[in-house]
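K.L.:
Here's the letter readout for the chains.
There are 2 protein chains.
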Amino acid sequence: MREFLLKSGGRTGDFSLNDLPGAGRMDIACRCITACLWLSDELRKDSILHLFLEGPPAPPKLLSFNPLKLKRFYPDERNVASHIRLALLGKPQPGISLKTISFKDFLEEQRKQKQIIILDSKGKDIRKIEISDNVLFILGDNRGIGEDIEGEKVSVGKKVYLSSQVISIIQNELDRREEQWQD
Amino acid sequence: MREFLLKSGGRTGDFSLNDLPGAGRMDIACRCITACLWLSDELRKDSILHLFLEGPPAPPKLLSFNPLKLKRFYPDERNVASHIRLALLGKPQPGISLKTISFKDFLEEQRKQKQIIILDSKGKDIRKIEISDNVLFILGDNRGIGEDIEGEKVSVGKKVYLSSQVISIIQNELDRREEQWQD
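Residue numbers (the numbering used here), protein chains in the order written: chain A, 1 to 183; chain B, 1 to 183.
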């Protein structure tokens with residue numbers, strides 16, 4: 001399973017669907033979820049996205065999205081945000097789980113089973129590294145990751161991209177490898 | 001200059017910012033514009049996006065976004081949509097132009113100066129083709145392109161991706177070539 005974690009400054013309480021940027025750049029989180037979990041006409045069956053929310057009023061919160069179980073879930077930011085909001089209000093919809101866990105504890109748990117890759121524009125070229133079938137990619141939002149994490153630093157290019165663009169590029173690279181389309 | 005054209009079923013009149021999917025999947029158009037024109041902290045200086053709108057009530061309309069001149073332009077869908085809506089209501093903001101032109105006429109005009117690449121999941125691998133500095137990529141939204149266009153068919157992978165994901169992947173491929181990061 002491919003897993004992605006976005007460290008986000010998004011709010012951990014109620015917010016307005018009419019102002020996602022004002023909710024700790026929740027728009028970034030929504031675009032990342034769409035970039036990670038969707039293909040053209042269907043949700044992916046091979047990926048999970050973890051949204052680690054560090055904004056007020058009740059951080060930290062970890063929301064995990066499993067596309068195998070999601071219902072009435074669409075790719076537009078407002079729909080994705082409505083699912084995030086419901087989960088934060090204590091009414092998580094199918095396929096979405098809510099946990100209160102520190103980043104450190106979550107990471108330690110993941111480290112036992114997964115290759116940890118940290119996205120960093122100065123890291124190694126993603127096209128040239130080995131990637132396990134069991135992998136967790138860690139990205140930051142507009143604030144960056146904000147702490148030093150032990151793991152392999154990997155880059156998708158010299159430019160610094162939007163987190164959602166980075167996820168699209170990674171998913172494509174992994175798809176190409178699985179499809180042996182590269183050579 | 002890199003140029004992209006999205007053939008969209010988006011509305012060509014007023015629409016609600018609270019229901020972008022209901023406005024002819026205007027959410028897709030917004031995500032494509034963000035994927036095309038943004039880097040992490042700044043607008044690109046090397047790309048233009050053309051949004052060709054074919055939805056009611058007054059098609060066709062061609063909206064062109066030039067990031068060198070855009071003002072108060074942000075990456076969230078609602079902000080991008082607010083710029084599209086203002087342009088359609090006859091109040092285009094800086095960096096956005098509105099034209100009434102047929103797709104055929106626009107394409108003929110472009111063909112004189114540019115390499116035309118049509119995105120098609122069955123096309124040639126984008127990593128293996130020559131791409132000119134003067135290129136126009138043509139993509140469809142959820143409806144596809146909907147007509148047969150003369151030009152080179154190019155693919156980013158076997159899977160069919162969201163149009164915004166495809167644009168992110170292409171921009172990255174072009175960046176890598178410019179940066180000579182590949183070898």
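Please keep in mind that the hints were generated in silico from the structure rather than gathered at the bench.
Glycine residues also receive a C-beta, built at the ideal position from the N, C-alpha and C atoms.
Incorrect hints may appear among the rest.
[As the list claims (entries may be wrong)] Using C-beta positions, here's what the derived DEER-type ranges look like:
#1 A:69 / B:89: 38 to 46 Å
#2 A:124 / B:94: 53 to 61 Å
#3 A:74 / B:69: 27 to 35 Å
#4 A:144 / B:13: 39 to 47 Å
#5 A:147 / B:150: 17 to 25 Å
#6 A:150 / B:90: 52 to 60 Å
#7 B:101 / A:177: 39 to 47 Å
#8 A:22 / B:89: 39 to 47 Å
#9 B:46 / A:22: 42 to 50 Å
#10 B:45 / A:69: 39 to 47 Å
#11 A:69 / B:21: 19 to 27 Å
#12 A:105 / B:90: 49 to 57 Å
#13 A:21 / B:158: 50 to 58 Å
#14 A:150 / B:112: 36 to 44 Å
[Unchecked claim] In silico DMTMM-like cross-links for lysine to aspartate or glutamate, where the CA-CA straight-line distance does not exceed 20 Å:
#15 A:128 / B:46
#16 A:158 / B:46
#17 A:158 / B:179
#18 B:159 / A:175
#19 A:122 / B:147
#20 A:122 / B:175
#21 B:153 / A:42
#22 B:158 / A:105
#23 B:122 / A:42
#24 A:159 / B:19
#25 A:122 / B:41
#26 B:124 / A:42
#27 A:159 / B:173
#28 B:122 / A:105
K.L.:
A range of 49 to 57 Å was offered for this pair. Does it hold for the Cβ distance of residue 105 (chain A) and residue 90 (chain B)?
P.N.:
For residue 105 (chain A) and residue 90 (chain B) the Cβ distance comes to about 55 Å; the hint holds.
K.L.:
Hint check: residue 122 (chain A) vs residue 41 (chain B), CA-CA at most 20 Å. Holds or violated?
P.N.:
holds, 16 Å
K.L.:
Is the hinted pair residue 159 (chain A) and residue 173 (chain B) satisfied, with a Cα-Cα distance of at most 20 Å?
P.N.:
Cα-Cα ~12 Å, so holds.
K.L.:
Just tell me: holds or violated, for the beta carbon distance of residue 147 (chain A) and residue 150 (chain B) against 17 to 25 Å?
P.N.:
violated, 52 Å
K.L.:
With the threshold set at 20 Å, check whether the alpha-carbon distance from residue 122 (chain B) to residue 105 (chain A) stays at or below it.
P.N.:
violated, 44 Å
K.L.:
Taking only the CA atoms, is the gap from residue 122 (chain A) to residue 175 (chain B) under or equal to 20 Å?
P.N.:
This hinted pair holds, its Cα atoms lying about 15 Å apart.
K.L.:
Verify the proposed pairing of residue 153 (chain B) with residue 42 (chain A), using a straight-line Cα cut of 20 Å.
P.N.:
Since the Cα atoms of residue 153 (chain B) and residue 42 (chain A) sit roughly 23 Å apart, the hinted pair is violated (cutoff 20 Å).
K.L.:
Looking only at beta-carbon atoms, does the pair residue 69 (chain A), residue 89 (chain B) fall within the given range of 38 to 46 Å?
P.N.:
Holds, at about 41 Å.
K.L.:
Look at the Cβ atoms of residue 22 (chain A) and residue 89 (chain B) and judge whether their distance stays inside 39 to 47 Å.
P.N.:
At roughly 24 Å between Cβ atoms, residue 89 (chain B) and residue 22 (chain A) fall outside 39 to 47 Å, so the hint is violated.
K.L.:
Between residue 122 (chain B) and residue 42 (chain A), is the straight-line Cα distance small enough, at 20 Å or below?
P.N.:
holds, 19 Å
K.L.:
Just tell me: holds or violated, for the beta carbon distance of residue 21 (chain A) and residue 158 (chain B) against 50 to 58 Å?
P.N.:
Distance hint for residue 21 (chain A), residue 158 (chain B) is violated at roughly 35 Å.
K.L.:
A range of 53 to 61 Å was offered for this pair. Does it hold for the Cβ distance of residue 124 (chain A) and residue 94 (chain B)?
P.N.:
The hinted range 53 to 61 Å is violated for residue 124 (chain A) and residue 94 (chain B), with Cβ atoms some 40 Å apart.
When held up to the earlier numbered hints, the structure conflicts with 2, 5, 8, 9, 13, 14, 15, 19, 21, 22, 24, 26, 28 and fits the remainder.
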